[in-house]
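Peer 1: Chains as they are written, first to last, in our numbering: chain A, 2 to 570; chain B, 21 to 245; chain C, 5 to 292.
Among the hints, erroneous ones may be present.
[What the hints assert, rightly or not] For the chain B half of the interface with chain A, some residues (derived, Cβ under 8 Å), not all of them:
| # | residue |
| --- | --- |
| 1 | G188 |
| 2 | L189 |
| 3 | A190 |
Derived from the structure by calculation, the hints contain no laboratory data.
Even for Gly, the Cβ is constructed at its ideal location relative to N, Cα and C.
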Amino acid sequence: MSRSRLLALALAALAIASPYAGFPGWTPALATAVAFNTLGLLGLNLIFGVVGMLAFGQAAFMALPAYGAGILDQTGMPFILAVAVGVAASILVARLVAWVFVRLPGVYLAVGTLGFGYVVEGLARAFPSISGGASGLVFSRGRAISADAWYAIAIAMLSLGLVVYAWYVRGGVWRRLRTICHDELAAAVVGIDVVRVKATAFTIGCSFAVVAGLLRAYYVGVIIPEDAGVDRSLEQVGMVMVGGLGHFLGPLIGTALVQWLFMITGYASRYELVIYGAAFLAAVIYAREGIAGWIDRPWRRLARRLDGEAPREPALRQPTLRSEEAGKSGAVCLSVAAVSKRFGGVQALENVSFEVSFGEIFAMVGPNGAGKSTLFNIICGIEAPSSGTVRLRGDDLAALPIHRRAPFIGRSFQVARLVPDLTALANVMVRLDRIAPQLAEAERAALALAQLEAFGLGPLANRPVRTLSLGQHKLIDLTRAAVGDPPLVLLDEPAVGLTREELTHLAQLLEQLRARGSAVIIVEHNIDFVAEITGRGIVLDSGRAIALGAIRDILADQGVHEAYFGALA
Amino acid sequence: MSTVLAVEDLSGGYRSLVVFRDANLAVTGSRTIGILGPNGAGKTTLLKTIAGLLPAQGGRVVFGGRDMGHSRAHDRARGGLVLVPEGRQILAGLTVRQNLELSRAAHRLDDAGYRTRLGEVLEIFPRLGERLGQPGGSLSGGEQQMLAIARALMLDPVLLMLDEPTQGLAPIMVRQVLAALQRLKGRFAMVVVEQNRGFLESLADATLMMRGGRLSAAENAAERA
Amino acid sequence: MNPLTQAVISGLMSGAVYALLATGLVIVFHTAQIVNIAHGEAYAIGGIVAAVAAQAGAPLWLAFAAAIVVAIFFAVALERVLLRPRRDWSINALILVTLAVAFFSRGVLNLLVGSDPVSFPRLFAGAPLRFAGGVLPRQGLGLIVIGFTAAIAVTAFLLYTPLGRQLRAAAENPDAAELMGVDVDRARALAFAIAGAYGALGAVLLVPLVSVDFQAGLGMTLRGFIAAAIAGMSPPLAIVAGLGLGLAEALVTTYLGALAQDPILFLALIGVALWQSRKVRFGGSLRA
Numbered sequence: 002m003s004r005s006r007l008l009a010l011a012l013a014a015l016a017i018a019s020p021y022a023g024f025p026g027w028t029p030a031l032a033t034a035v036a037f038n039t040l041g042l043l044g045l046n047l048i049f050g051v052v053g054m055l056a057f058g059q060a061a062f063m064a065l066p067a068y069g070a071g072i073l074d075q076t077g078m079p080f081i082l083a084v085a086v087g088v089a090a091s092i093l094v095a096r097l098v099a100w101v102f103v104r105l106p107g108v109y110l111a112v113g114t115l116g117f118g119y120v121v122e123g124l125a126r127a128f129p130s131i132s133g134g135a136s137g138l139v140f141s142r143g144r145a146i147s148a149d150a151w152y153a154i155a156i157a158m159l160s161l162g163l164v165v166y167a168w169y170v171r172g173g174v175w176r177r178l179r180t181i182c183h184d185e186l187a188a189a190v191v192g193i194d195v196v197r198v199k200a201t202a203f204t205i206g207c208s209f210a211v212v213a214g215l216l217r218a219y220y221v222g223v224i225i226p227e228d229a230g231v232d233r234s235l236e237q238v239g240m241v242m243v244g245g246l247g248h249f250l251g252p253l254i255g256t257a258l259v260q261w262l263f264m265i266t267g268y269a270s271r272y273e274l275v276i277y278g279a280a281f282l283a284a285v286i287y288a289r290e291g292i293a294g295w296i297d298r299p300w301r302r303l304a305r306r307l308d309g310e311a312p313r314e315p316a317l318r319q320p321t322l323r324s325e326e327a328g329k330s331g332a333v334c335l336s337v338a339a340v341s342k343r344f345g346g347v348q349a350l351e352n353v354s355f356e357v358s359f360g361e362i363f364a365m366v367g368p369n370g371a372g373k374s375t376l377f378n379i380i381c382g383i384e385a386p387s388s389g390t391v392r393l394r395g396d397d398l399a400a401l402p403i404h405r406r407a408p409f410i411g412r413s414f415q416v417a418r419l420v421p422d423l424t425a426l427a428n429v430m431v432r433l434d435r436i437a438p439q440l441a442e443a444e445r446a447a448l449a450l451a452q453l454e455a456f457g458l459g460p461l462a463n464r465p466v467r468t469l470s471l472g473q474h475k476l477i478d479l480t481r482a483a484v485g486d487p488p489l490v491l492l493d494e495p496a497v498g499l500t501r502e503e504l505t506h507l508a509q510l511l512e513q514l515r516a517r518g519s520a521v522i523i524v525e526h527n528i529d530f531v532a533e534i535t536g537r538g539i540v541l542d543s544g545r546a547i548a549l550g551a552i553r554d555i556l557a558d559q560g561v562h563e564a565y566f567g568a569l570a
Numbered sequence: 021m022s023t024v025l026a027v028e029d030l031s032g033g034y035r036s037l038v039v040f041r042d043a044n045l046a047v048t049g050s051r052t053i054g055i056l057g058p059n060g061a062g063k064t065t066l067l068k069t070i071a072g073l074l075p076a077q078g079g080r081v082v083f084g085g086r087d088m089g090h091s092r093a094h095d096r097a098r099g100g101l102v103l104v105p106e107g108r109q110i111l112a113g114l115t116v117r118q119n120l121e122l123s124r125a126a127h128r129l130d131d132a133g134y135r136t137r138l139g140e141v142l143e144i145f146p147r148l149g150e151r152l153g154q155p156g157g158s159l160s161g162g163e164q165q166m167l168a169i170a171r172a173l174m175l176d177p178v179l180l181m182l183d184e185p186t187q188g189l190a191p192i193m194v195r196q197v198l199a200a201l202q203r204l205k206g207r208f209a210m211v212v213v214e215q216n217r218g219f220l221e222s223l224a225d226a227t228l229m230m231r232g233g234r235l236s237a238a239e240n241a242a243e244r245a
Numbered sequence: 005m006n007p008l009t010q011a012v013i014s015g016l017m018s019g020a021v022y023a024l025l026a027t028g029l030v031i032v033f034h035t036a037q038i039v040n041i042a043h044g045e046a047y048a049i050g051g052i053v054a055a056v057a058a059q060a061g062a063p064l065w066l067a068f069a070a071a072i073v074v075a076i077f078f079a080v081a082l083e084r085v086l087l088r089p090r091r092d093w094s095i096n097a098l099i100l101v102t103l104a105v106a107f108f109s110r111g112v113l114n115l116l117v118g119s120d121p122v123s124f125p126r127l128f129a130g131a132p133l134r135f136a137g138g139v140l141p142r143q144g145l146g147l148i149v150i151g152f153t154a155a156i157a158v159t160a161f162l163l164y165t166p167l168g169r170q171l172r173a174a175a176e177n178p179d180a181a182e183l184m185g186v187d188v189d190r191a192r193a194l195a196f197a198i199a200g201a202y203g204a205l206g207a208v209l210l211v212p213l214v215s216v217d218f219q220a221g222l223g224m225t226l227r228g229f230i231a232a233a234i235a236g237m238s239p240p241l242a243i244v245a246g247l248g249l250g251l252a253e254a255l256v257t258t259y260l261g262a263l264a265q266d267p268i269l270f271l272a273l274i275g276v277a278l279w280q281s282r283k284v285r286f287g288g289s290l291r292a
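Only chain A is shown next, with the shape it has when bound in the complex:
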């Protein structure tokens, strides 16, 4: 075990023992409550900190199972059954809330969970005969367990929660969630089913709350309507922010600090809300990384000093992922037939048809507004055509949503869409996570690294993307599109913003792709570049194809000159 890990364990042991040390206000009772709350907030950290979904219902999801189990318990249902039903029903409700709101812009989930909190609190108040009304529901079974035993249970459950969290939020899942957080369109294009993943993350996050809330209710002995309410949820968001959004220990630090401060300063003072609000505001504006964010870098430095440099992973033999469907050079890969697209009053595309074969680089040329991006979007699935069909290897793509086309279509963007705080390697791996889930993490890393090296980007692999230049971003975006040798690769203005050296590099990359059998379509304005590397192409103007065929021919075409070429002389 590494030295830094030993240090971490020692610190953890100290932390666990600390309530018995006699610090003012930091008692085992408080620590137990803190532990249960933290367990619930691990879920909020996942939902909000990692995936970026703003949600204000965590407290409601902590109270709901307690009310559920408590009410069922009172009806005489066996205890275990009441608990199980309470937990299961609450998780189901979380899944429903996710299903309704996750597909929409983030503000819907925010307001929706806010409303949910109102509803739970309101219902609890509305039926006092069932829910105990304002004085709440009492749980007497918990009293049978001693205070120290409760503390032990709390620590055990929190540790379990942390382990589960750490196990879940790593590797491919971490990359996927961070990509969604940063850029949902890019996530969809690389194959992530954004709605499903967000809904799952939300449900898992709420499950943490459900388990923690139930335990806490039995520990504290009572659940009141305010525990479900909006104020409590807002406090919790504040705790996670103060502790450190997205950081592993963020919820723990935040909850412990805030609850201890409240204990010290007197919870019931009238200044509580104002001070809390001010602290929340200050945290949101000035300290978005939270306390864990401040500790993170010094800790990493310390860990490195203790452990020395990480040993280089032995290079694995790169598994081949050549899909058998890559097809022989010359066979038709993509077939676009009579595609038209209307946006309101504007005819963006009219009756466009062309075919692209495997092992060919095909150019799409035309002035801005000619419909090139629209056509790309239709092929990728971001837009649906008003009429016409798009076929890949003979299969009609109409039924496939964006993320299901990812294994067959790699796409890069005009402005590279990468996740800044992931490394170049991680960014490329995200696509592999979807198209090659059967490979182990290390194999995927090896494959992604090999692709980066094939494109001359090897040295950049472990650097976070935000430290790299825009030209390098584009090349990494391209690498991500090309990894796994998809049958079709779409490149949107890859040459824009590249230096002369990078352009030569790009030409080599494209040639490699072609040689490996992929069909490559590139949109470009740089006519010299296009003439150099592509074989055939299409010229679009105002949504119509005005020339189609060999590059030399269409660039010399009279009609093309009249309609378009003059602008680029």
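Position chains B and C relative to chain A; hints supplied.
Peer 2: Structure of chains B and C alone, referenced to chain A:
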């Protein structure tokens, strides 16, 4: 002849990224200056900085003898420093007439002056006159470029800057834009940024080159990307 | 006593307030591109400031003026000090800022008047109007007339006046509007000021009938958002949606009881959400 615009050692960019450095430029009287350069050279950033949309990172912009300092774009427009931005940037939700009327926010012309100017502008761009009541978003690319220039004219410019006015236009539209600008030449100073060398040669009194963030006197050899 | 008529009257009154709030929310959304969670605080602040001033003995018109001024100040300060310097932050981060402000505002209001509801005298006193089996207090009539007129006025302002069009231009394309001489910062501040004023106006008119407490803000934001969402963020439709929401709420309260309000509201939100989802191709945020 008076110096309308003097750009001295100007540097600019976005936040920590410096896109262009030490640009020096002087436009006198009603001359037309062209700036030629490939994508990514910093031309748009330069114009945006002169217009006040982006803060200068070094150096200064002197317009009509006054240091523009930190004054914002709308103040500069109200002073007659007008930019026709890249990509036209027509307000799609407003009609053609309303797009033109937006210029009244700059308080450059009184009611009578506005009507007179409108008549002149519609004479130069008759297509717009036919489409006064239509929403800006329904115009074709070329018509939108006409509208963008027209509404800049409604601002009664002392200096008119145009950022790639031919971008994305079919050659027939390019010819119309060129004709319109040739008609306006001499009424006020102009700075035209373009990738289209032929266009600038037909229009500008002098042409500068911009590459890799540096502005310099034009070279004869045809250079691109 | 006809419960239906009474419900309609009640619905018109709260509908007027929701129309004011929804219109303000939509204006801010269009100008600053964010949903302001502290929007409803203008209502709470307006109501409470008026109550405090009235209790301190100030004449009613002064109390109302103070309420509106403070609410405007609050809204404009939020825009200027907190949001404007951070325009490059993500939408989520900015929504979080407005949330923090709402939270802080609640705390301050709690400090000011504690947790009990407060109120102040009506502007329009006198015998209530009776017709069709319902009772309409004069204050209520004033609320309905003034509220809807104000909401319609600002919508007309946006659509038909040059300044209103400048505001819309500033919202649609701030850079292009700047280049045309429009002071975009001032436009944004104006939008927030209108939103703040309208929230306070709603409070000044409604609170004498229902009283207000320090928590009222978030509830109003919730309702304003639901109405705005139903209206698809369109200013003229926001008035209709606000009215509809008020009526629906009143009918639910009359026939199902006051406690059914929040759940029904939540169901309305779910309904709107499901309706909006039809059009979304892939999950999540608006595309940049």
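Peer 1: Could you run down the list of hints and mark each one as holding or not?
Peer 2: Hint check:
1. G188: Holds, because the Cβ-Cβ distance from B:G188 to chain A comes to roughly 3 Å (cut-off 8 Å).
2. L189: holds, 6 Å
3. A190: holds, 5 Å
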